[in-house]
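Peer 1: Okay, here's what each chain looks like letter by letter:
Protein chains: 2
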Amino acid sequence: MLDKIDLAKKIGKDEYKKLEEELVPRIQLAQRRCKALGIPVMIVFEGWGASGKGTQIGRLIQPLDPRGFKVLTVKSPNEEEYMRPFMWRFWTRTPANGRIHIFDKSWYERALLEHKEHAVSEITAFENQLASSGYLIIKIFLHISKKEQKKRFEKLEADPATKWRVAPHDWEQNKKYKDWVDDYDKLLIGTDKDFAPWTVVEATDSNYAAAKILDTVTKAMEDAADKKDAENAAKETLKEAAAKAAEEKAASSEETKEAAEEKTESTRDRRFMNGVLAGVDLTMSLTREEYKEKRKKLQDRLGYLHNEMYKYRIPVVLGFEGWDAGGKGGAIKRITEAIDSRGYEVCPTASPNDIERAHNYLWRFWDKVPKAGHLAIFDRTWYGRVMVERIEGFCTEEEWKRAYAEINQMEASWTAAGCIVIKFWLHIDKDEQERRFMERMNTPEKQWKITDEDWRNRAKWDIYEECVDDMVVKTSTPKAPWILVSGNDKYYARIQVLETVVEAIEKRLEEEKKKELLEKAKEED
Amino acid sequence: MLDKIDLAKKIGKDEYKKLEEELVPRIQLAQRRCKALGIPVMIVFEGWGASGKGTQIGRLIQPLDPRGFKVLTVKSPNEEEYMRPFMWRFWTRTPANGRIHIFDKSWYERALLEHKEHAVSEITAFENQLASSGYLIIKIFLHISKKEQKKRFEKLEADPATKWRVAPHDWEQNKKYKDWVDDYDKLLIGTDKDFAPWTVVEATDSNYAAAKILDTVTKAMEDAADKKDAENAAKETLKEAAAKAAEEKAASSEETKEAAEEKTESTRDRRFMNGVLAGVDLTMSLTREEYKEKRKKLQDRLGYLHNEMYKYRIPVVLGFEGWDAGGKGGAIKRITEAIDSRGYEVCPTASPNDIERAHNYLWRFWDKVPKAGHLAIFDRTWYGRVMVERIEGFCTEEEWKRAYAEINQMEASWTAAGCIVIKFWLHIDKDEQERRFMERMNTPEKQWKITDEDWRNRAKWDIYEECVDDMVVKTSTPKAPWILVSGNDKYYARIQVLETVVEAIEKRLEEEKKKELLEKAKEED
Chain A
1 MLDKIDLAKK IGKDEYKKLE EELVPRIQLA QRRCKALGIP VMIVFEGWGA
51 SGKGTQIGRL IQPLDPRGFK VLTVKSPNEE EYMRPFMWRF WTRTPANGRI
101 HIFDKSWYER ALLEHKEHAV SEITAFENQL ASSGYLIIKI FLHISKKEQK
151 KRFEKLEADP ATKWRVAPHD WEQNKKYKDW VDDYDKLLIG TDKDFAPWTV
201 VEATDSNYAA AKILDTVTKA MEDAADKKDA ENAAKETLKE AAAKAAEEKA
251 ASSEETKEAA EEKTESTRDR RFMNGVLAGV DLTMSLTREE YKEKRKKLQD
301 RLGYLHNEMY KYRIPVVLGF EGWDAGGKGG AIKRITEAID SRGYEVCPTA
351 SPNDIERAHN YLWRFWDKVP KAGHLAIFDR TWYGRVMVER IEGFCTEEEW
401 KRAYAEINQM EASWTAAGCI VIKFWLHIDK DEQERRFMER MNTPEKQWKI
451 TDEDWRNRAK WDIYEECVDD MVVKTSTPKA PWILVSGNDK YYARIQVLET
501 VVEAIEKRLE EEKKKELLEK AKEED
Chain B
1 MLDKIDLAKK IGKDEYKKLE EELVPRIQLA QRRCKALGIP VMIVFEGWGA
51 SGKGTQIGRL IQPLDPRGFK VLTVKSPNEE EYMRPFMWRF WTRTPANGRI
101 HIFDKSWYER ALLEHKEHAV SEITAFENQL ASSGYLIIKI FLHISKKEQK
151 KRFEKLEADP ATKWRVAPHD WEQNKKYKDW VDDYDKLLIG TDKDFAPWTV
201 VEATDSNYAA AKILDTVTKA MEDAADKKDA ENAAKETLKE AAAKAAEEKA
251 ASSEETKEAA EEKTESTRDR RFMNGVLAGV DLTMSLTREE YKEKRKKLQD
301 RLGYLHNEMY KYRIPVVLGF EGWDAGGKGG AIKRITEAID SRGYEVCPTA
351 SPNDIERAHN YLWRFWDKVP KAGHLAIFDR TWYGRVMVER IEGFCTEEEW
401 KRAYAEINQM EASWTAAGCI VIKFWLHIDK DEQERRFMER MNTPEKQWKI
451 TDEDWRNRAK WDIYEECVDD MVVKTSTPKA PWILVSGNDK YYARIQVLET
501 VVEAIEKRLE EEKKKELLEK AKEED
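Protein sequence lines, in the order shown, are assigned to chains A and B. For the first sequence, our numbering begins at 1 and goes up steadily by one. For the second sequence, our numbering begins at 1 and goes up steadily by one.
Because identical chains share one entry, a pair is satisfied inside a single copy or across any pair of copies.
Below, computed lysine-lysine pairings styled on DSS-like, alpha-carbon distance capped at 25 Å:
1. 227 - 239
2. 371 - 105
3. 449 - 490
4. 75 - 371
5. 239 - 228
6. 401 - 235
7. 368 - 105
8. 297 - 507
9. 239 - 401
10. 228 - 401
11. 490 - 430
12. 368 - 75
13. 401 - 193
14. 371 - 311
15. 4 - 150
16. 401 - 227
17. 368 - 70
18. 311 - 368
19. 430 - 446
20. 70 - 105
21. 446 - 490
The set of hints was computed from the structure by calculation and includes no laboratory data.
Can you build the whole structure from these sequences, using the hints too?
Peer 2: Rendered as structure tokens:
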């Protein structure tokens, strides 16, 4: 999750002012609506040391009616708290209906310290219970780089007035930044639920962070109020439908509902997208000679590794997604031509057939999970749920929002059983796609590859980009990562894919062999 | 859970026949409705060795249309299965819409073998995902006693034709029956969710078990079909409300919905209740002399233990529930008069005030959890959610069904933090209650204790009994047990309560002291 975030983002002062002008009246209205509707709101701030939690909370509360919110600073438990079950101090501090509680650090501190599955399950139960009884939970994680953190600590230490704010454990975090990334990542992914999702905020530039937070909180509160309005209206409709007045009531409720749906479907400001695709350097390329040489080496190596993989009974799942004409087919071919045909299966994913449609959407992918020692290559994948199905309305908003956690769960089941899982996004830019489409249209033997649907999808480039952006951040996990492939140059893309696969298998074989040696040593003891 | 089940239940042949006559046409209709509505159904059979899973499945499928169901026997994974992630063989065997899959053993086998939190969380995710996409999941656990199991194994072994069916691991289970009860209990409670609840079936008498299973499955399928009908009707209503025809449509859908609600609210056949209250022996009594002597001893001991508890920082939560005039007040008084008034708090629970009502229903109980070394006595408790709130309609069916897991979660948070948690149900019979009510009315100084509401509640005795029955089975956990107090004789009841509390604290202190010694020994090393 965190490694996909572009930390260089910033925003100019004027742009910030303009945005503030638009959002401040909206958040004020949203606060009044949530109060009137009795929606309790919890806003959680977590993040790196010196990432600016205090500052950002200070900025967020500026426009809010002070009679309606409260900021709670969570430190180590005091004696009273220490003597009670851990969640006591959070349960007792849940806001009443219609009020906002902002937490400067929260119940997540403990999960980080204990690294225990138990803490995560207790937290999830807590949030789930509150959310299902109508609480709005907004969780914000402020993210900065190791370098930025170091710079901030040094600046704080240089000033005698702020020197005390940097403690030895802060420097400890900076030193072990990489380990902390892993821990944060595990925690964020494990607790990113549809009923209480995380928003990772790029916090290098304070204005950018403030704007994204204001935007996130405003929209979450608006959505919650819209949803409640629609629910109330629907309830009313059902109740009064039997009575004479049904007609008008229902019409208006339908409108409210449609308006609400439209609202939540609306594309968010592009400036607050994670920008994972925008971050891919598309200028990478290789000459034909470089390509041929590298390919030969990698394919030979892969052929060898494929046997080893079989010997060590390691199953491998490779998922390919990408823009139309992004080069999925070519990349897959460069893998399969290197290996024994009895050891792999390519699984193309089209729209589900009748039997597949009659099952849960993940059923057909579970069905094709490879056995130990085998390789399954998916040409398009289960991620259709959060791309085409989301965009075309083939599933409900509730369904695709739930899908991120469901997919993470499925891939975690696979990796826990020993599977290597890698997902590739074949990335090209819009111009390159047009060039390739035109080439396909003008080359008789390639014409079958291009259909009207490709052009229709191309028209939805921006909304697809938004979906991919969400998807990559929410489902790139340490054990089942997304690899964003620089695809404008086909040679470069193919080599990047081959290299990634070879490295992943090699790394895993090393681990297996180490394990084997250890076991042997134990036996000999 | 399992220790609250009365295994002596049986049913006569004629009664069984009569029941079958009523239920068979209903399950057949329910099957047709589920098929037409596209509801996939999964029925899981788990239970002790020789509890009769095969027989019961055979009986259940008799009335079903064979074109619509399939029985899947789950053995140890075969080679194909062994080479894939554990859940693969279950995912791939989920039924298509409108079909029924019956599992003879299931994904629960693994959770028992591995005893791992991971397996339970994977299972819960699996069931949750299926349920939220519309699957009906019915889980049946066949329960028999150690003695009954032994008898059945011996009978099977005596017949050469069935001798092979008893394996050494079966006898192993019988020998370690008590340990298995603990394991089953933990598993059943951990996976008893509103979206996939367990039904424990008393399987000593095959007819009784068959009838209860037929009844459970029939009603679950009827409820699922009703719910889907109501949803479809509500959807229709909202959709068409804008059109002219809205009026009639809505009225009929409202009727469907009301009918559905009425159906699910209806009292279940009393013959299939768990009967935990019916199992309490209410003839227990003590003479005044016995009582005085025991009370003195126990109260002295409790006074001492209360100090030790404080020294060892053990928090204690005692919850009191019971029939009106069941003797809660008297039992609480015999505890408090024995101990230092600075170390306990009695928390009476009335209907929630405005502030409490503006929070989650568990908030006010979290607020009162005692600190380490202290004792909190709740006169009526958080269980109001699944009794008075359920009965009076103060919360929705969805809410009280979810509450069992939420309450178990809360108590588990407390016990994980070191709390002793005990819940008492002060049980008396209806005659005894009437006697006490009349006495109160006729004794001037006791008249304040009796109100019209008491008489109103008394009129709902049967439905209360049903709720208590569900509640005790679903929330009696090894670490936070329900104690059913034999309350017709006040002396006996008070001594039972005092004894339970003393024993629980003593047991815990022993553990703490053992721990202390071990730590000391370690330090000295």
